[in-house]
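**Student:** Quick mapping for you: the protein sequence lines, in order, are chains U and H. For the record, in the first sequence the residue sitting at position 470 is 470 according to this note's numbering, with numbers rising by one throughout. For the record, in the second sequence the residue sitting at position 800 is 1435 according to this note's numbering, with numbers rising by one throughout.
Read the hints as simulated data drawn from the structure, not as lab findings. Beta carbons: idealized from backbone N, C-alpha and C, even for Gly. There could be a bad hint or two in this list.
[Unchecked claim] Computed from the model, here is a short list of chain U residues facing chain H with C-beta under 10 Å:
{"hint": "1", "residue": "Thr-44"}
{"hint": "2", "residue": "Val-162"}
{"hint": "3", "residue": "Ile-538"}
{"hint": "4", "residue": "Pro-540"}
{"hint": "5", "residue": "Ile-604"}
[Claimed, not checked] Listing some non-contacts, in silico: residues in chain H with all C-beta distances to chain U over 10 Å:
{"hint": "6", "residue": "Ala-940"}
{"hint": "7", "residue": "Met-1135"}
{"hint": "8", "residue": "Thr-1250"}
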Amino acid sequence: MKIKNILRLSIIFMLALSPACNDFLNVTPDNIATIDYAFRMRSTAERFLFTCYSYMPSHASLNENPALLAGDELWLVASNTNNAWQIARGNQRIVNPYVNSWQGSLGSKDLYQGLRECNVFLENVHLVPDIIEYERERWIGEVKFLKAYYHYYLIRMYGPIVLIKENLPVGAPAEQVRIPRSPVDECFDYVVQLLEEAEAALPDKIDFEVSELGRITKAIALSLKAKVLVTAASPLFNGNSDYTGFTNKDGTSLFNTTFDVEKWQKAADACKEAIEFCESLGHRLYEYNPEFVQYNLSDTTLIQMSIRNAFNEKWNPEVIWANTNSMSAGIQANATPRGLDPALTANTGAQGNIAPPLKIAELFYSDNGVPIDEDITWDYNNRFRLKIPGYDHRFNLKQGYTTVQLHFDRENRYYASLGFDGGIWYGQGRYNDENSDILFVSSKAGQPAAAINMNSYSTTGFFPKKYTHFQSVIGSGNTFTRENYPWPVLKLNELYLLYAEALNEADGPSEEVYFYLNKIRRRAGLQDVEAAWSTYSINPDKYKSQTGLREIIQRERTIELIFEGKRFWDLRRWKLATTELNKPITGWDLDQSSAEGYYRERLIFNQTFRLKDYLWPLNENTLLANPALVQNPGW
Amino acid sequence: MELADPITYMTMHNEAVLTRDPLGILPYSKQKIDNTAAGLNRAMYPVTDWRKELIRDHTINHSVNLNVSGGGKVARYFVAGGFTQNNGLLKVDKKNNFNNNIDLKTYAVRSNVNVNLSTTTRLDVRVNATFDEYTGPISGGTQVYRNVMRTNPVLFPPYFEPDADHAYVQHILFGNFDDGTGNYYLNPYADMVRGYKAYSRSVMMAQFELSENLDRFLEGLRFRVMANTSRNTYFETERAYLPFWYQASSYNKLTDTFKLSLLNEDGTYAGQEQLSYAPGSKEVMADFYSESALSYDQTFNDKHAVNGLFVFLAQNRVTGNATNLESSLPFRNVGLAGRAAYSYDSRYNMELNFGYNASERFHAKHRWGFFPSVGLAWTVSNEKFWEPLLNVVNSFRVKGTHGLSGNDAIGSPTDRFFYLSNVQMNDPNRGAIFGRDNSYSRPGISILRYSDPEITWEISTKSNLGLEIGLLDQFRIELDFYKESRSNILQSRASTPAEMGLSATPQANVGKAEGKGFDASVDYNKVFNKDFWLQGRFNFTFAKSKFKVYEEYYYNDIAPWRSHVGYSINQQWGYLAERLFVDDEEAAKSPRQNFGEYGGGDIKYRDMNNDGQITELDMVPIGYPTVPEIVYGFGFSAGYKGFDFNAFFQGLARESFWINPHATAPFRQYYYNADELRDRPGWPQKLTQNQLLKAYADDYWSEDNQNIYALWPRLSVSSAGHGNNSQTSTWFMRDGSFLRLKQVEVGYTLPTRITKKAYMEMFRIYVSGNNLLSWSDFKLWDVEMGGNGLGYPIQKVFNLGIQLNF
């Protein structure tokens, strides 16, 4: 009897307890943020827009942008742990790959995550109430551009990718989220489609420059489209028979192995459209023309300043797209030699530890505007002989300082892009190029810019001067105050070169190809391509054939855009990496203090590039997580 | 821990650079090595034994306790107070005007009062509090020890004596080295003396308990309400200057002079003579717990014992130093528990239990969990037929239980409301910046967790079978076997492809595991006569676990050995290390290893799936679990007249551990956590360089001695080679079994007739030692330090103490 009562009581008690306790346990306030909060007003939606932008790869970051260190333009001290550089050393792998944009690790942002954010934005932006329609459309255009860019970035690395046109639901069963890769042509088509949708909604250019420069415009979208189409038309993706038989598990071919010249025509048209549009907005090749002239500078210095500043003078008229979220201060420190100013050798603010190999220095033309091994007036075989610069060379080389013939009679882009032992380094507060206090690099053993410690020195003896703004100044202590510029991602000179390339591929040599090529050459102080080759080359008719002109355009592009993060991708899309990236990395013999000893070519590394290296490997575990995926060939 | 001598350190460091990069710049010139060996000027060519410089080998601690108790029929009280002072083992520097050796004072107060409010009502109030006051170096003793083990002995001395050029300088001239990265090395001496930290901690607990005897309604019925609250507060303050770093250069052998140059005169990491203040961490926490219980306990006819219990409990905990909204919200549990027990004639016992609990972490639908259990016991020795055995086997009892229990402590304090999504509306890492001069920036929005209302209690079903045996009035033996199966274990979903782009991995209650074990203990207790007594004890536990269901990739066709199913929860996966590569050629021909550059002298792994590559699929379960399956201990105490003696041994078996190839890798950087060794938040970590263990220096692969079974593979300072050799593998796997003499103590108490004369109650003098002896197959360092031979050592401690009671 009693026990029964107790039981009954306790059941009532328990039932009564539950609701009261639930109140006690409801500790979470009602307005805990969910993703809906992002689209309740303009200001939070703007944050989400910026979130979409935040996945933009950091183009100026040595660790994140493989185009800087994963190729052969720059080399590091062996102890460096830079991720991208591991690829250049042949260490790419399928376990935790370097610069893994597919998953966002070892030096890369997670681009698929970025794509998800873009889609969340596109799905929800219509909900924002307090925004004018024009701005909403513009934002949609920007996010579509970003979605296109992230896809394009992945395609360049991985070839055929999984297209994320819409988001995959979070709680969905596994089978529903296992999406296979799409054929590479389909991938490019989707990117172009997105860019065309974006174009219509984007403003031609930025009106509120103080607050909005760096945001995406129609000029950027058109230019990127031109570049995407050129990439799609290039040998790596257009009829590449190396990928015959590279299929999905269901047999779908991922590469179209028949060449289609139409792709080049489409690319040329897109280039033309972009050039015309950019020029109509006032974009033009940059020329150094300071408003306030302190000194009467020589023509040599003026041309070289045009070349340097076209890259590192922020928002100059040549820049179409600069990434404000990736600034150059870091790379300037890596580029500028420690001990450039002999009075400040202890200043490690300038580290000077990214080193262009000798083969890059040899790529530049002679002062006649043809390759040094083609120039009939240039003594190629004796290029490592010592020579003392005279008065005539004073703007390029330190007068009376023994150096090597390689440094003599080269084009202005050579001196503007490279620093080296005995080379003049205009800037750092010394602005009179006639004055003998102008700085030059001295980096033989025991000299100010030599290797005095294990980290801050150039392993080859060369420095990528192009990165350093001439007004950046090394001060006392460890201070290095830099003119900080946003990284230029797209410039007009690149469009000219893309156009010339596409036209030549589509129709062969023409006046229009020469016209755009010569625009670039004239700014660099060189003769026109026809005159230079006819007069100085051992192969005077080279520019008249499609193959010859192709080589010329490729060389011109490499030199003009050296260190800008282009060659790495160009060698891949031209399928030239197997030849170019299998050459040894060499430099001067740094341990020597005499000119005779120092100017000997020293082997630093035997670089190897295998066929499989054209495409990034997928991490092994992405294949386990998504069994619908196939690995890239060779990995 | 024995370290290699400084000359070996330098030559091997040079070798480590050259063996990987023939063009590398050597860290030490030949001249530096020769001059150091010749013992030239020690400021210029330092040989620093950092341990000796910074650490003493003894200290004095004090401790005082006071107890008072008393009372009468109505009320009783007990009051106790204690004081302990611990002094650290660090050397105090006389150069500073502040003493920054460790000084930790602990005060404890306790007071219990109980009052009989009426004949049936009793009130208990208990209050206790502990207060710590600490001053000492900013980094504590462990940190200082760790620091000295990762500081180069020859790069710079702790400090320089001021020379003529620096006669005017008021600060200490700390040694350092400029390696061109713009960062400075860790100087453990500077780190210790540059400032001091003070902290105060208080822990207070108050408890109130009211019990009512309800015999007037029903014999044996009781009601009890108890509530307690505890508060923890902790705050610390740091005062420090920023050291000035000096480097010696331009040594002149003839005059024995060198030039001192100041490295950080200005710039970001400039030295600073005046003390600056930094608020350290703060902790505030309040805890509230209450339970009300109704119990019934009665025996009928001396044979039928019945008892029952209902308890309602509620718990609330809040912290004042939450890092995000989620951790700032209270932690709450409520529950109702009940018990009904019946025993017949002290022979047969039966018990039913249940818990009906709720947790704030789960969605209202899945918030409550019901966890019943049942228990049976039979005291065989109380049976009639046992009587003849009673002299030998004094007691014999068999018992068994079976039941469910729940665990809501899944996830973490900052990630616990699984039914809600967690969106960071103000994420600086996901923002962007625009404008001509980068003048317009906005933070971004990120998702830290996707909502899943289905996540709920982890459940465990446990069965026990136990025996209790008493023998010869001297031994007491307890044996207990158990089996437990856990389900609903929270695990991350493996089937979320990267292409989904999720910014957080979803989790679900999917895992299942099983555990089995055995506990045994034997106690021995005997008083032989008034002068001599002896006690002994022995305990032994064995526990094994395995996963039944584990959320992982579908491995069956590809690499079945990767599956966790069937393996211990603490099982380690790793590569099978065969040996070191003979040379670069062999390395190039063998299956490609995907962990960075490697060559001769680096570890060669086995390709399990024969695909020509060593990848994560080649990992296999290796060794015993990382938590020992067997733990045992034994010891005894004895007293003879005024002397007392006791000793205790402890041991464990069936455990594997791995030598940590990062923490012990000579010449490489090692950080224990991402925030240490920054002079100020946001500054880079100071550079470190691991010391060289003598054991490694004596047995490593070198180009001169290409021993393919050497203890340490080919040296490396950069990531080349190190990435390959630092994989979890059988190469660095070791047996963790050991037996240790944990404690021995000998004491002598003066006879009371003598102490009485000095108005003392007791005078005892004792010597004790901790960790004096140990037995293990692992000889490189103390096995209990685990994989890190450069970590804080297990210390042999000798105490000499006097105990006085008044």
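**Student:** Find the hints from earlier in the document that the structure breaks and name them by number, from lowest to highest.
**Tutor:** Hints 3, 4, 7, 8 are the ones this structure does not satisfy, whereas the remaining hints hold.
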